[in-house]
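Going line by line, the protein sequences match chains A and B. Start counting at 1 in the first sequence, then tack on 41, and there's your number in our numbering. Start counting at 1 in the second sequence, then tack on 1, and there's your number in our numbering.
Hints listed in this document are in silico derivations from the structure and should not be mistaken for laboratory results. Ideal Cβ positions, reconstructed from N, Cα and C, are used throughout, including at glycine. Fair warning: there could be bad hints in the mix.
To be verified - Calculated lysine to any residue pairs in the SDA-like style (CA-CA distance at most 25 Å, straight line):
{"hint": "1", "chain 1": "A", "residue 1": "K429", "chain 2": "A", "residue 2": "L399"}
{"hint": "2", "chain 1": "B", "residue 1": "K64", "chain 2": "A", "residue 2": "S112"}
{"hint": "3", "chain 1": "B", "residue 1": "K64", "chain 2": "A", "residue 2": "K358"}
{"hint": "4", "chain 1": "A", "residue 1": "K358", "chain 2": "A", "residue 2": "F134"}
{"hint": "5", "chain 1": "B", "residue 1": "K64", "chain 2": "A", "residue 2": "G131"}
{"hint": "6", "chain 1": "B", "residue 1": "K122", "chain 2": "A", "residue 2": "K429"}
Claimed, not checked - Partial selection, computed: residues in chain A whose CB lies under 10 Å from chain B:
{"hint": "7", "residue": "E56"}
{"hint": "8", "residue": "D60"}
{"hint": "9", "residue": "A266"}
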Amino acid sequence: MRALTWHGKHDVRVETVDDPEIVNDRDAIIKVTSTAICGSDLHLYDGVIPAVQSGDILGHEFMGEVVETGSASTLTKGQRVVVPFTIACGGCFHCEIQQYSCCENSNPAEKQDMSAALYGHPMAGLFGYSHLTGGYSGGQAEYVRVPFSDVGPIVVPDSLTDDQVLFLSDILPTGWMGAQNAEIQPDDTVAVWGCGPVGLFAIQSAIAMGAARVIAIDHYPHRLALARGLGAHTVNFRESNLQEALMEMSGGIGLDAVIDAVGMEAHGFAIDNMLDVAKQTVGIGADRAHALRQAILAVRPGGRVSVPGVYGGMVDKFPLGALMEKGLQLRTGQTHVQRYTHDLLKKIENGEIDTTFLISHRLPLEDAAEGYKNFSSKQNEWTKVILKPGMERTAA
Amino acid sequence: MTTDMKTKAGTLTGVSVALGAAAVGAWLATRDRKHHPDNAPGWTQRRSFGRYEVVGRTVTIRKERAELFAYWRDFSNLPRFMFNLDRVENRADGRTAWFMQDHGGDIIEVDTEVVKDVQNKLIAWRSVEGSDVDTEGRVTFDDAPGDRGTRVSLIIAYKPRGGAIGKIMSKLFMDDPRTHARHDLKRFKMLMETGEIATSANRPQNTRAAQKQEN
Numbered sequence: 042m043r044a045l046t047w048h049g050k051h052d053v054r055v056e057t058v059d060d061p062e063i064v065n066d067r068d069a070i071i072k073v074t075s076t077a078i079c080g081s082d083l084h085l086y087d088g089v090i091p092a093v094q095s096g097d098i099l100g101h102e103f104m105g106e107v108v109e110t111g112s113a114s115t116l117t118k119g120q121r122v123v124v125p126f127t128i129a130c131g132g133c134f135h136c137e138i139q140q141y142s143c144c145e146n147s148n149p150a151e152k153q154d155m156s157a158a159l160y161g162h163p164m165a166g167l168f169g170y171s172h173l174t175g176g177y178s179g180g181q182a183e184y185v186r187v188p189f190s191d192v193g194p195i196v197v198p199d200s201l202t203d204d205q206v207l208f209l210s211d212i213l214p215t216g217w218m219g220a221q222n223a224e225i226q227p228d229d230t231v232a233v234w235g236c237g238p239v240g241l242f243a244i245q246s247a248i249a250m251g252a253a254r255v256i257a258i259d260h261y262p263h264r265l266a267l268a269r270g271l272g273a274h275t276v277n278f279r280e281s282n283l284q285e286a287l288m289e290m291s292g293g294i295g296l297d298a299v300i301d302a303v304g305m306e307a308h309g310f311a312i313d314n315m316l317d318v319a320k321q322t323v324g325i326g327a328d329r330a331h332a333l334r335q336a337i338l339a340v341r342p343g344g345r346v347s348v349p350g351v352y353g354g355m356v357d358k359f360p361l362g363a364l365m366e367k368g369l370q371l372r373t374g375q376t377h378v379q380r381y382t383h384d385l386l387k388k389i390e391n392g393e394i395d396t397t398f399l400i401s402h403r404l405p406l407e408d409a410a411e412g413y414k415n416f417s418s419k420q421n422e423w424t425k426v427i428l429k430p431g432m433e434r435t436a437a
Numbered sequence: 002m003t004t005d006m007k008t009k010a011g012t013l014t015g016v017s018v019a020l021g022a023a024a025v026g027a028w029l030a031t032r033d034r035k036h037h038p039d040n041a042p043g044w045t046q047r048r049s050f051g052r053y054e055v056v057g058r059t060v061t062i063r064k065e066r067a068e069l070f071a072y073w074r075d076f077s078n079l080p081r082f083m084f085n086l087d088r089v090e091n092r093a094d095g096r097t098a099w100f101m102q103d104h105g106g107d108i109i110e111v112d113t114e115v116v117k118d119v120q121n122k123l124i125a126w127r128s129v130e131g132s133d134v135d136t137e138g139r140v141t142f143d144d145a146p147g148d149r150g151t152r153v154s155l156i157i158a159y160k161p162r163g164g165a166i167g168k169i170m171s172k173l174f175m176d177d178p179r180t181h182a183r184h185d186l187k188r189f190k191m192l193m194e195t196g197e198i199a200t201s202a203n204r205p206q207n208t209r210a211a212q213k214q215e216n
């Protein structure tokens with residue numbers, strides 16, 4: 042089959058690799074009809090996530106048709122399914138309490154050591170996201186082996202298009218959980234750092250949860266326009282003094298809740314960020330946490346800090362004093378996708394949520410490398426790239 | 002076996018007192034209360050265990066004690082989750098032969114006897130004279146607090162040596178028995194909780210189980 046494989050920083054290629062087969066009884070094989078490039082794939086593309094190996098198939102947002110099932114799979118051939126990016130066994134303590142992204146059994150035993158050494162506990166398995174999270178082949182391919190297929194994949198009705206439901210795999214539940222972790226109350230003023238896909242869905246979710254005002258922060262005009270289209274107020278941090286603007290826009294109170302949808306590769310020329318960039322460049326495992334630092338300073342005393350943005354290492358100059366002295370709550374984590382897919386699918390079916398506004402480009406899988414390049418370098422216009430394995434290539 | 006093993010046999014009485022399987026649990030699981038009045042398991046102590054290396058590891062599994070005990074007590078099941086264990090043979094005299102594959106692919110035989118067997122609670126074993134390796138171990142099954150299932154602890158003591166046997170030990174465990182204990186227990190948990198062992202291999206012939214490859 043054809044698949045998008047990683048070979049190093051800014052080097053991804055579409056190659057021919059072995060087709061996957063059923064390995065365990067609970068597996069299914071999915072023939073991919075749509076798959077997306079995620080903002081967090083750019084962390085892999087930029088080489089800031091460790092333990093990616095040459096030849097690894099990337100991609101964790103995908104959906105398709107069930108073409109093969111193991112003897113214990115509950116899926117049947119021909120079903121159309123969206124697959125959560127978090128692999129969950131359904132049988133461990135964390136799955137039982139719906140903390141699916143903390144699943145204890147989905148990361149192979151011999152792959153757990155690295156994340157256990159880094160974080161004190163091993164991570165769960167994720168599709169296409171380095172050997173820290175299991176080394177599972179990802180969805181930017183014609184076929185994917187899906188383990189524990191009786192737990193994760195959600196069957197979608199034929200009345201909905203791929204574009205309408207694909208984002209149930211990651212970014213829609215991630216934005217939703219980001220807003221839920223901010224414990225949004227009616228009358229709240231909430232700010233969201235980053236108007237990428239997760240930030241935009243967090244904005245949409247915060248509004249759906251009843252926030253009185255949502256302030257969107259970015260520096261790409263087109264992304265800010267998309268946020269305005271959802272009903273958010275916006276601030277371009279390149280053009281205004283962000284802290285002052287946020288204080289004024291919240292009536293001198295500060296924000297009730299803040300959401301960092303940026304994560305480890307923050308942009309900007311503030312001194313802390315430039316130092317972080319330098320450290321990340323020389324590869325000493327440092328994250329760029331500029332957005333999170335700003336968010337912690339901007340939130341009101343007693344407020345809530347939610348972090349759906351991805352971090353992987355350490356940060357310096359973390360405003361721990363502000364966190365303590367202001368009595369803040371901090372909640373974060375990889376998304377417990379399986380907890381949200383059912384309810385969010387209903388909201389899509391009922392027309393309460395429409396995610397298709399986000400899609401800027403649709404490409405054949407064969408052009409995936411070009412998609413990475415443009416998604417990385419033209420972030421203003423390339424808001425979301427969908428790859429379609431069967432799609433005809435147009436002359437470049 | 003060799004002179005080395007005879008020496009071992011000669012000291013076996015002493016070893017039995019210090020580390021004999023009946024005593025090993027107490028020796029490993031309790032501290033000198035006068036000097037260390039805490040509840041940390043014995044194998045986490047920052048001290049020497051004499052000529053023995055001691056490895057201990059605990060996992061919590063959401064299954065009943067009896068079910069987990071029964072699966073482990075049938076030693077023929079062990080190679081399903083202990084990937085360096087090639088096969089287990091029960092001998093007529095009640096002893097068990099464990100055939101372990103070392104890093105280089107050679108098979109090493111460890112003859113053991115069960116020295117303590119408490120239904121649904123504890124299995125302890127030790128290598129017997131003539132075995133390639135001087136080791137003993139125990140696995141315990143305890144109810145976890147609340148409704149969390151069962152705590153399974155695996156404790157292994159072994160004597161690293163110079164010479165041929167030292168080489169066997171280091172080849173067998175790649176100098177890190179901790180890795181084995183950890184991986185074996187994680188896979189036992191996977192098998193019991195999910196019915197299978199997680200793998201990112203995309204084809205059956207590429208799994209570590211198929212290749213009997215620990216690392």
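Each hint tested on the structure:
1. A:K429 <-> A:L399: Within the cut-off at roughly 16 Å; holds.
2. B:K64 <-> A:S112: holds (23 Å)
3. B:K64 <-> A:K358: violated (44 Å)
4. A:K358 <-> A:F134: violated (35 Å)
5. B:K64 <-> A:G131: Holds, because 14 Å separates the two Cα atoms, which is no more than 25 Å.
6. B:K122 <-> A:K429: violated (55 Å)
7. E56: violated (14 Å)
8. D60: At 8 Å from the nearest chain B Cβ, D60 (chain A) passes the 10 Å test, so the hint holds.
9. A266: With Cβ-Cβ at 41 Å, over 10 Å, it is violated.
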